[in-house]
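Trainee: Residue numbers (this note's numbering), protein chains in the order written: chain A, 4 to 320; chain B, 5 to 622; chain C, 1032 to 1347.
Since the hints were derived computationally from the structure, they do not count as laboratory data.
The C-beta atom is built at its ideal place from N, Cα and C for all residues, glycine as well.
Hints may contain errors.
Said to hold, decoys possible - Below, a list of computed lysine-lysine pairs in the DSS-like style, where the Cα atoms sit at most 27 Å apart: (1) Lys146/A <-> Lys162/A; (2) Lys64/A <-> Lys52/A; (3) Lys1065/C <-> Lys422/B; (4) Lys146/A <-> Lys134/A; (5) Lys429/B <-> Lys1065/C; (6) Lys1168/C <-> Lys417/B; (7) Lys251/A <-> Lys229/B; (8) Lys75/A <-> Lys41/A; (9) Lys229/B <-> Lys256/A; (10) Lys417/B <-> Lys1042/C; (11) Lys1168/C <-> Lys1042/C; (12) Lys91/B <-> Lys157/A; (13) Lys256/A <-> Lys64/B; (14) Lys364/B <-> Lys1042/C; (15) Lys1065/C <-> Lys364/B; (16) Lys198/A <-> Lys64/A; (17) Lys144/A <-> Lys154/A; (18) Lys251/A <-> Lys425/B; (19) Lys41/A <-> Lys256/A; (20) Lys550/B <-> Lys591/B; (21) Lys162/A <-> Lys229/B; (22) Lys34/A <-> Lys364/B; (23) Lys477/B <-> Lys1106/C; (24) Lys477/B <-> Lys458/B; (25) Lys64/A <-> Lys34/A; (26) Lys422/B <-> Lys1042/C; (27) Lys425/B <-> Lys1065/C; (28) Lys75/A <-> Lys198/A; (29) Lys251/A <-> Lys34/A; (30) Lys41/A <-> Lys154/A.
Said to hold, decoys possible - Ranges of calculated distance between the beta carbons of each label pair, as one might list FRET restraints: (31) Thr582/B <-> Glu1079/C: 45 to 55 Å; (32) Met1289/C <-> Ala414/B: 35 to 45 Å; (33) Ala15/B <-> Asp137/A: 49 to 59 Å.
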Amino acid sequence: MRPSLLRGLLLCAAFVIARAGVAGPLDEPIKPLQGTPKLDPARVEIGRKLFHDPRLSANGKLACAGCHDLAKGGVDGRFRSVGFDGQTVGINTPTVLNSGLNFKQFWNGRAESLEAQIEAVVANPVEMGSKWEDVVTWIAKDKDYKDAFGKAYKDGVTKRNIVDAIATFERSLVTPSRFDRYLLGDQLAISGEEKAGYAKFKQYGCIACHQGQNIGGNMFQTFGVMGNYFQARGNPTDADLGRFGVTKRDGDKHVFKVPSLRNIALTAPYFHDGSAATLEDAVEVMFRYQLGRTAPAEDKELIVKFLKTLTGEKGAW
Amino acid sequence: MRKFGLIQIGALIGVLALVLAFLYAKTRSYDAAAYFENEALLRQLRQVDAQWELDGLRSKMGVNTHYDPLTDPLLTLERLQREFDEKGAEAGAGTDGGASKARDALHQTIAQKTDLVEQFKSHNSILRNSLAFISIAADDVQRRVSDALASRHGDSAALATVALETNRVLLDLLKYNLSSADDRAAAIRADLERIDERGRGLPREVAASVEIFLAHAHTILREHKTVGDLLSAISAVPAGARIDDLSDRLNKWQQEATAQAQEYRSYLLGFSAVLIVLIVYFAYRLIGSYAEIARVNDELKQTNEGLEEKVTARTAELSKALDDLKESEAQLIQNEKMSSLGQMVAGVAHEINTPLGYVKGNLEIVDSRMEQIEQVEGLCSDVAHMLSTEGAKAADFRERIQTVFDAANAIRKLGLAKELKDLVKDGVYGLGQIDDIVANLRSFSRLDRAANSKFDLHEGINSTLMIAHNLLKNKGEVRREFGDIPRVLCSPSQINQVILNLVTNAAQALDERGVITITTARHDEERVRIEVADTGHGIPADVLPKIFDPFFTTKDVGKGTGLGLAIVRKIIDQHGGTIDVRSEVGKGTHFTIVLPIGRAAVESREDVEFLEQQLQAA
Amino acid sequence: MTATSPEAETKPRVLFLDDEERILKTMSALFRSKYDVLTATEGAAALEHLQRAHVHAVVSDQRMPGMTGVDFLRKARQLSPGTVRMLLTGYSDLQAIVGSINDGEIFRYISKPWQNDQLQATVAEAVAIGVKLANVKVAASGPLRLNQRIDQALLVLSSQKELVDQVTALADGTCEVQRARTLREAVVILQIKDVGVIVAEANAESEDVALFLKLLKQKYPETVTLLVTPTADAEGAIELINQAQLFRFLAPPVTPTMLKESLDAAISHALALRATPVLLERHTVQAVSKEREAQAGSWLLDGLRTLRSRLGLSAS
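One chain only, chain A, in its complex shape (with noise of 0.2 Å):
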């Protein structure tokens, strides 16, 4: 046989093994939203409330809404979040928006849920600084409060319930996007462009991590798969040591969860040291050091206009 045959041959049995299950347009590594889940609409109230109550931070400046803007995309927009008294934290913002759908939260994953990362944060003596006994006597004491939660959990105000409150209401912060509509079938909710961009996303392989429900946040992976992106960029911090500061294996240096893409665009600085300011910076930098590839900057673009279709459609939230 010829080599070109046969390479051919291989590179399609190697392709279509590679691409097995090819799905439709409904069968995409990336799956779409199904509206908002079931959540008791009294508990989501209550959370919301609390999301934007300041008085969960010890000096009562400082609400989850604080660093987690629901304008903003579910974050801050800064490079780093200021805390409750003036001290910067460590690590950039993740967003808000879907979180419930990832898989664990914070960059290293080191809360299994999100009530888990309500507690953590609230007596983060950086981010929110109190003592959950003290959030617990004032939301008692606050009259509202104390109705709001007697009506919705039987057993009124305890720290469970806070937590349980605030966590319903995130979960309801999830947002469709026309990319959603789209994989739902509705070919039209985005353009051939941005269709163009989907298919190099999925051609150069952003979406072997970037994939799933929450377009990311089901798995970890390192940052600087191809290439040492810390060596590149100096400073390091203990947060670039990721998973480590969790699991302590050498393994998993510089092992990040891998976030969500969806209302990337809204969501700068991106990485968790905020470095990447723009989309295209970001595209530029996961090409180098995740990919190892090189694509022309027509290819690029359209994957930025693709990432920007994975916005929540206005009133989503």
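Given chain A, put chains B and C in place with the hints provided.
Mentor: Here is chains B and C on its own, set in the frame of chain A:
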């Protein structure tokens, strides 16, 4: 029925209830539903676990295009484990250390598996990306080489070789990817080294593409092994075994629990049967006793009715008996009074009969003697007649006068005049005696005066002594030592009775001649004192306290009622006075009565009552 | 004490004992013409009189200080059994009466006040008997000599067996004991047997045992009678003295000793009477009133009347 105290019954019921509850709890402690739930949970776990593994393979194969299927099970597994833990604890399957150890082992394996899966995800995606790209990278090299060749950049031979070798390595890689033999990897690595060397001398673009190709080739080699190892490790994780282990435990426990529950159920049945028997038995007894109670109740009612009648009858009897008793008491007192009276009366009768005897006798003698005197009178009148008539012969006359003289002489010789005078004098005296006695009797009984009056005690004492004269005469001397006392308001007859009683006792106490002394004196402002003392044989100390007791007497049976001093005391009490006694055996006895001057005796229905009391006390 | 006049030697002596002097004065006035009147105011003095010279009759009062009349009479009986004794008293104490029967064995009981003529008649009767007895050696009745036996029977008139048994036991072979449950039986036995002693038991509902005794004594003075009676009255007792010359009056409780003494005395007296018939004079009785006698059944009267002839005894 044996007698069970209330506490004992309560305790028994408590014990039975406890046993029942215990047995029931034991049967309930095995919750079949829980078992099935747990079994379901384990089944779910097994399923999820198996699916998970499968999804892992799928992801490796590229059948799964995203990792949600590998991530979603995490939550499920967590939830299932948690539920199993909770349910397991509830159902009691976790009571032995072994079960909790098994659960812990399961946790551990799942955690282990999770970790491996995470790693797999990371490494698998890298591998897949590189695999996907390697051909393109090789293609890129070819193109660059042909471009370089076309533009005569660099060493064409080297270029050609690199292109060739790149292709060859590519094939090897692909083959390697399918087979994963380690020796192959080493060979490929050697090839990559060679390409790397060659690539150095090549034009920049070619070199860059070769570099990229190499990077990915190395990645493939590395990641392929890693992924392979991970997958082996994942399948090696004995999660299934743990789940089976738990399942076995669960089954075993369930069997045991079932068996035990059965056992306890049979105990429970048995116990219930026993209880039922007991209840039936007790119910039977209860009914029986209830019937008995009803019967007894009826009897009681009847008896009650009968009883009331009897009570009424008895009350009537008792009333009558009481009346009879009171009568007898009154009778007794009366008898005492009578007997003392009787004694007194006997004495009095004698006292009266004696003078009566000689008065009568004397008068009759006088009467009989009258004859002689009448005779003389007759003779005298004859003589007188004779004198008056003519023709009376002197001889007759003389004869007649002689007879008169004779008769008169006879009378004189007899001392008739004197005798008769004496007899008449005696007679008058005797009548006086009788008069006195009757007066004394009257005085003693005081029937001619009111019950309470101002009474001269001395008068009373004197008349009493007169009455008792017969008793006292020649027994001894009676001395009166009367003081200056006023009249005393009292019942004279009763006081006299007292004096008589004391004096009688005193007289009886005198064995030989002795002295009875009666003294009166002013005791104080309001009271007088009467003392009756004798020099008789006295009263012994042990007897002295009893002498005032009713029916107490030292006399022989039939002599004396024993009520005398009791009545004396009663009378004195009623007068508001006191009576005391001193006595010495052989020397004598001394009674002291103190009476208030002003107070009258109390109306004495109380005599009888007093004696009633005494009789009751006796 | 009155000095005796010269005529006194031939006159029968009568002794009067009374603590009231005036009574004695009356007595002397009444009796000095006929008798040699001796007086005493106390028992001791009277007993001295008895010792000094034979007294034919004695009349004593009961209630006296020191020695009572009964006491004196008992002593007088022992001292001079031939002296006919009488009690003259104003006081009818039953005890004294019984005592005068049992201890004094008196002839007559006279109450004060008395009728002079009646008293004189009684005293005359007593003196007459006393004169008769004066020459007879009279032994005071006393305990039975050993092995003495009388031929006459002892009749127990009683409806209760007890008395019979007692008497039988006590009689113990000295005489034959007969039992009569009723008066009729008694009369029958009397006609058959020569009865020396009768022990009669009076009972409430009965039979007029008293009358029987009185009538019996009239016809059959040889019989010595003893009466056991639960009830007693003074009147009845006095009658039994005067009209029945009852030998012993046994009021309960009758102790065996008492019964024995009485029986012994009775038996020996019965013997004495049989031995010395003149002694029977002593037991002359007053007649029962006609009315009283009428109360007796004809069988009784007849039975008693023929008694003496049946028994071959001399007419009384």
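Trainee: Taking the numbered hints from earlier one at a time, note which ones the structure violates and give those numbers from smallest to largest.
Mentor: 6, 16, 18, 19, 21, 22, 24, 25, 29, 32
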